[in-house]
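Q: For reference, the chains in residue letters:
There are 4 protein chains.
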Amino acid sequence: MFDLCVKNGKIISSKTVLEGELYVKDGKVAAIAAPGSNLESKNIIDAAGKYLMPGVVDAHVHGGYGTPERETFEAVGKAAAAGGVTTVLEQPLSVPITVTEEAFLGKKKEAEERFCVDFGIWGGLVPGHLEDMEKLYELGAGAFKSFMCRCSNYPTTNDGQILEGLKILAKFGGVHAVHAENDTLIQELADRFRAEGKMDAKAYLESHPPYSELEAIQRYILLSRQIPGAKTHIVHCSIAEGALEVGRAKMDGIDISVETCPQYLALCEDDLYEKGGVAKCDPPVRSLENVEKLWELVKEGAIDLIASDHSPHPFEKKVVPENDFSKAAEGVTGEQTMLPVILTEGVHKRKLPLTKMVQLLCENPARRFGLYGRKGALEIGFDGDFNIIDLDKEWICHGKDMYYVNKHTPYDGKHMKGAVEATYIRGRLVCEQGEMKVEPGFGQFLAMKMRPSI
Amino acid sequence: MFDLCVKNGKIISSKTVLEGELYVKDGKVAAIAAPGSNLESKNIIDAAGKYLMPGVVDAHVHGGYGTPERETFEAVGKAAAAGGVTTVLEQPLSVPITVTEEAFLGKKKEAEERFCVDFGIWGGLVPGHLEDMEKLYELGAGAFKSFMCRCSNYPTTNDGQILEGLKILAKFGGVHAVHAENDTLIQELADRFRAEGKMDAKAYLESHPPYSELEAIQRYILLSRQIPGAKTHIVHCSIAEGALEVGRAKMDGIDISVETCPQYLALCEDDLYEKGGVAKCDPPVRSLENVEKLWELVKEGAIDLIASDHSPHPFEKKVVPENDFSKAAEGVTGEQTMLPVILTEGVHKRKLPLTKMVQLLCENPARRFGLYGRKGALEIGFDGDFNIIDLDKEWICHGKDMYYVNKHTPYDGKHMKGAVEATYIRGRLVCEQGEMKVEPGFGQFLAMKMRPSI
Amino acid sequence: MFDLCVKNGKIISSKTVLEGELYVKDGKVAAIAAPGSNLESKNIIDAAGKYLMPGVVDAHVHGGYGTPERETFEAVGKAAAAGGVTTVLEQPLSVPITVTEEAFLGKKKEAEERFCVDFGIWGGLVPGHLEDMEKLYELGAGAFKSFMCRCSNYPTTNDGQILEGLKILAKFGGVHAVHAENDTLIQELADRFRAEGKMDAKAYLESHPPYSELEAIQRYILLSRQIPGAKTHIVHCSIAEGALEVGRAKMDGIDISVETCPQYLALCEDDLYEKGGVAKCDPPVRSLENVEKLWELVKEGAIDLIASDHSPHPFEKKVVPENDFSKAAEGVTGEQTMLPVILTEGVHKRKLPLTKMVQLLCENPARRFGLYGRKGALEIGFDGDFNIIDLDKEWICHGKDMYYVNKHTPYDGKHMKGAVEATYIRGRLVCEQGEMKVEPGFGQFLAMKMRPSI
Amino acid sequence: MFDLCVKNGKIISSKTVLEGELYVKDGKVAAIAAPGSNLESKNIIDAAGKYLMPGVVDAHVHGGYGTPERETFEAVGKAAAAGGVTTVLEQPLSVPITVTEEAFLGKKKEAEERFCVDFGIWGGLVPGHLEDMEKLYELGAGAFKSFMCRCSNYPTTNDGQILEGLKILAKFGGVHAVHAENDTLIQELADRFRAEGKMDAKAYLESHPPYSELEAIQRYILLSRQIPGAKTHIVHCSIAEGALEVGRAKMDGIDISVETCPQYLALCEDDLYEKGGVAKCDPPVRSLENVEKLWELVKEGAIDLIASDHSPHPFEKKVVPENDFSKAAEGVTGEQTMLPVILTEGVHKRKLPLTKMVQLLCENPARRFGLYGRKGALEIGFDGDFNIIDLDKEWICHGKDMYYVNKHTPYDGKHMKGAVEATYIRGRLVCEQGEMKVEPGFGQFLAMKMRPSI
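Protein sequence lines, in the order shown, are assigned to chains A, B, C and D.
No gaps in the numbering here: position 104 of the first sequence is 103 in numbering that gives the first Met the number 0, and each next residue is one more.
No gaps in the numbering here: position 288 of the second sequence is 287 in numbering that gives the first Met the number 0, and each next residue is one more.
No gaps in the numbering here: position 71 of the third sequence is 70 in numbering that gives the first Met the number 0, and each next residue is one more.
No gaps in the numbering here: position 450 of the fourth sequence is 449 in numbering that gives the first Met the number 0, and each next residue is one more.
One or more hints might be untrue.
It does not matter which identical chain is used: a pair holds within one copy or between any two.
Distance condition first, Cα-Cα at most 27 angstroms in a straight line; then the derived DSS-like pairs of lysine-lysine [what the hints assert, rightly or not]:
hint	residue 1	residue 2
1	K350	K326
2	K326	K107
3	K316	K348
4	K350	K448
5	K14	K416
6	K292	K107
7	K413	K316
8	K170	K201
9	K14	K350
Honestly, the hints are just simulated from the structure, not real lab data.
Can you make the complete structure from the sequences, with help from the hints?
A: Now the structure itself:
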């Protein structure tokens, strides 16, 4: 007797789109069966005309820990559930930053109390805390982040420190990830523009040129090459050329991955000019030509995964203060919109195969960050995390419908095609038609289990 | 009520190795369920301690059509079944060559009568028959082969003809594949060695230098780049550098794949000197260093698939006549040994993950050659083709145990680890412990269904 | 007492443009002195307002030996002198082809009798004559040509034969050169176009696509890599991408050079459509974009030398017969116009430095083909071969003013800037304002002295 | 009537080695004439059996301005003259650093009073002084140096500042040059080694790994690509791979050059272990394998020029203090030994052509740094700066024979082959057999005349 059966739908995996029945028992996928199998089950859901896909694993979320005016675990968890994301990986840029055991445990405690989706917690590779990483790893932090450039509330890690950190991580197998931009290139440009009185969105874009990101990626790859066993990752790559550099490194056997985000696939420079601070992120959105090149790379598999980099700020901080665009807070919201944007811009507009979508949003992030085995696929024994999708449903995105503390989105007013009808985690309905069905605290902590590659 | 249940084994897919139960109904995979599900089934097999894997899809088989002294469909089919291969793709180098509707239908008829495993049939892209390809494609030939160098019984196709052929294939989506060697480089070297009285195995190797293969691969890639929508494939690539060239082309978005064979992964030059004609194939086996580089590429995924290139000859033709090694027939047997060799040399000796093995032997060849959906994976609705594997069983390979018409193998006397216990096709036991359980003619014809990429 | 002094001019070398006095004695450069040195000299020429440059060394000339209806040594020699070319290197595509001692000596004899400029004679690397090369080398043939594609009166040399030939040449240091086009690509395209009734200039261009040249260059470079000590050369490269491939090979230490021709730097597709057969050459002229890229490479030094590939035909053979452009004879005239075209299109229009011009037209061809020490520069002890140039003189080019047997030119009507006022060879005035001052037979034979690189 | 004639010698230029007579008048090369010309001259020198070469232009000299305990212009000038160097380019790492008009003029004044060879003066591109560069350029500083890593007495310039500086330089054409090492990689390694108690020469080498230099070169090239018209240069490149990166950038049309030094061509790690602080320089000497690769690149022309990076320190600062090798002063002496080392290790030991030597030591540095026209070659009108060389003379190098303030050299005891017999500047004998023939102050200031490339 199974607990739950979803029948009559099409099940999307990273390999196939099949008509079939999905069975869950004790929160785990317990069977996949041919249509008409009608195995005995306590509950039966009819997904006729709909698609089932594994729950999205969002590897890059800023959940607002310590800065409730930006976001809260409760809010972002609801947004995740409403957007088909069943697992979020919290980034370490909280208050305090997640680089000590104490900070990690504090964050974990609050997350366990407030998240309604499952979650993992990243650590950080920052100066002064290299030796803390192993402890955090034991606690379940499988990935460690560094900023190559400055960041308001997170220490910059220089090349030498990154290299030392990579040596330490290679011993136990943790993944290292960087925000790759060249700090001084950006600062000098920004200072000069400011001195010239140029402080608008265009000046912002031009002071964050593609080459400042490319340089950092190229440099980081060179570092990655030096440490046998290093597992490295580039977060929110905004430029096609950067992903190509990663591809070349992979051909040499380097264990490196690259992520992009919906904002780099759906927005371009004109959107920044039009939408202003709400669309400001770092790296910034790029040219339309770059958007199309990124999609090509996404379709070819040259980009490993897509994450939201959900990074909200109060609306007043996104408004350009004193006509100085550089002072608008950086980071866009994206948790609730990630999957719909990929369905709309990818699947419908650019023929992104559904299987490829599942690789990018579910399987690959779960694999890269040590969750595969529980998350990322609807395989026997995996958690029963899935979405029921109405692939052809058309709707308009509105900021007010977001669960975020700050209800803005760069996609406000956007015509979407493809909607999440219902989201299940461990076999339990957590959200249906945008309405929450579980309480905060339903979410469970996930340790990221890496295996050392040396 | 399912027809068949295999329980207590570990199921290997291209993504996971899971404990689970496999259910078959009407020849198709009907359910995969968690251990202990115990769904109702007519027959139950206990695979405790064993592994289940999808049946191997061998994309490169010379079945001996028209040359029964070399091989027969009956014999090679049995060898396939005994070796865990449930689908074979017949190459067009038969008598007559498979480049006309008549030849295709004649071969298909005999195959349907004599094969005990499922099969597809390649066509050929050869001068004078470019216009026949579309008809063959309609009949089910999804892949078309050309020789860039001379071959005793198959016409050479020159670069211009290849390019014209690629244009035609791009219209309906057929895959083109080449035997990539530079003919004149080989001939000139061979002629000179012969003139110098050098006719031993060493002269043979030196007259087939790695660069003659690399040159042809490089040239073929350049051709592939010219035709939008071309799908191309390099058969039996013996050199690591060749696979790297293919990898570079893929990064540019070219739809090209590359195959290697067990003989290039398990044999090297010294084996040729020791075993003589029995180990002679074309391209020849290479250096030990190259073997290890190929394995690295196999593990990294730079090589798409492994096929046997089973190409037998009567033993007397493999004996070196008149002390002239070049006169020994080219081609090694490999159908029955392919999977055991990969288990022994790959899984056990070089830590090839089982999931990666399934990609290389099952999923990728099925995908590339239009069989995915029925073959290559144990997904719901796919054919119930699988092997039960004893991963740790050790045994000695003997030529006399082969089902081939010509019972020789370059692995004679080799210590193997990993054995095929039983092979099922469409839910039916076809071979158990090397004993055939079905009659010739059990095998079914498979049309290769490609989709045009333009 | 010197024999000759040229004073008041500016002397162009490959390194500098200097005011100075040039002194010749016994046919050799005997002194270069500062202006006003006024050393004692029998004859004094005032070159005030003019430039002196070394005589041009044209490494690629089809002098018409055995085909007087195409060209004669007497005519082409006069054209050379009138165009500032003081040394020509005769190509082996004569009747008979220059691949035997007899053919070489016959050609040499006629050349000595009829040429009014100095000359060297290439041999050929063709099947059946590999063993003749060493003898020809001893006789003074330092360079050996092969066709990778078919040619009406010269055998094609296949890859294997080229490789064997390179091994032989490496022993004594001869340079090998190829006409690099892929034969079958061209033939198949041409056949198909013909079958489709497309036989105009556009069909001709499209049946000789850039990739057919690129493929052959790429293949030839791979061959060059195999033979330590090989010195190789690509004649009349028409595509920028081809020169870039050569550049990459040089970075790996390969001793390879590349030549382009005025027709690829001054003419483009539209010229072919406009001028018809008179502008038909092989490889054909390319796109305007390619022209500009070639100029960039010329200026950067990525192209080693410029040669005329003077290859005349009777006018009636250049007229398109039966509306089939492919039947028009291939090859353009270019001996008399080479230097003026480079002055006009390079020096004046694209700021090609005069020093770079001397490298491309004088020093580099002399170095590459074993004449440096006598030819290619106005160094002490070198032959007193030079031109007096009026850099700013403007004039119109007319076919009727050519010394060729067939007085057509693709530059007919072209506005030129820069003119050869007088040409001296070994200190002797050979042509002044287009008027010949020496008799046929004044020209001397030059042995090409190579040094083996292994 | 010429002032000076050198006859019977062989004159080496960048193109040829010729028997000839060199005539000087009013300090300038006034004629080059064939042997036996015997033009009238006030003084005649018989160089029978000897070679004449242009005076060496050493583009990278630390003359000790403001730090007389390290070096003085008088001493280094004498060393230069004794070593065949007729022009030195003073680096800006003086006290004060040469980044202001005042500092430049102060240095120029002292140099004019104390140098006995001709000299130019570099400026610096350092933070806070970008706007001073144009003024320095007008004063004659054609090249501007930055440190990408820290340096004891010279500010580090970050990537952003370099980019801004390149924009400024591109306006008037100055060359920018960097010391390319990644600072934080070195510091982190050094700190860790120190923490582990590793402070010997090996730790020093390992804390300055080749990749820290390669990274900086790669990064600098990326910066160079961003600014049209930028002219960039990498000083003292110690690694072959770095020069290859520069070569790749050149193929893309980037105007970048690269220099190496005798210490990287003649010394390797074992020398550092053996000789200690006297052989310590930054970047450090590398592996023997790298030495040979560098020589290959030097011979192929992939390295543009060789400079001494003469950078002396008092002997007591070169002695390893407190057993901490990192505290030994960095920089080796090299002014007086540069040419003999290249003659010994290059010309004699590795068949470096004499013409190539002249390119690397004379012509190329003069060209790159705006002195060509006066320096770098023995062309008419150029300064009469030359050396008479006894190519086969063998001798032992001794530190005590150096003119340096600090008479140590890493070549102490080295067997040399090839000696400078006499050095002339502007036609005047300045040093003969190591004995000075002019007074301090004979040297003249040279403005470096660049032309903007945009």
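Q: Hint by hint, say whether it matches the structure.
A: Evaluated hints:
1. K350 x K326: neither (38 angstroms within a copy, 48 angstroms between copies)
2. K326 x K107: neither (32 angstroms within a copy, 47 angstroms between copies)
3. K316 x K348: Intra 33 angstroms, inter 56 angstroms, cutoff 27 angstroms: neither.
4. K350 x K448: between (34 angstroms within a copy, 20 angstroms between copies)
5. K14 x K416: Within one copy only: 23 angstroms inside, 30 angstroms across.
6. K292 x K107: neither (39 angstroms within a copy, 44 angstroms between copies)
7. K413 x K316: within (23 angstroms within a copy, 67 angstroms between copies)
8. K170 x K201: For K170 and K201, only the inter-copy Cα distance (24 angstroms) is at most 27 angstroms; the intra-copy one is 44 angstroms.
9. K14 x K350: both (16 angstroms within a copy, 24 angstroms between copies)
Of the numbered hints given earlier, the model fails hints 1, 2, 3 and 6; all others are met.
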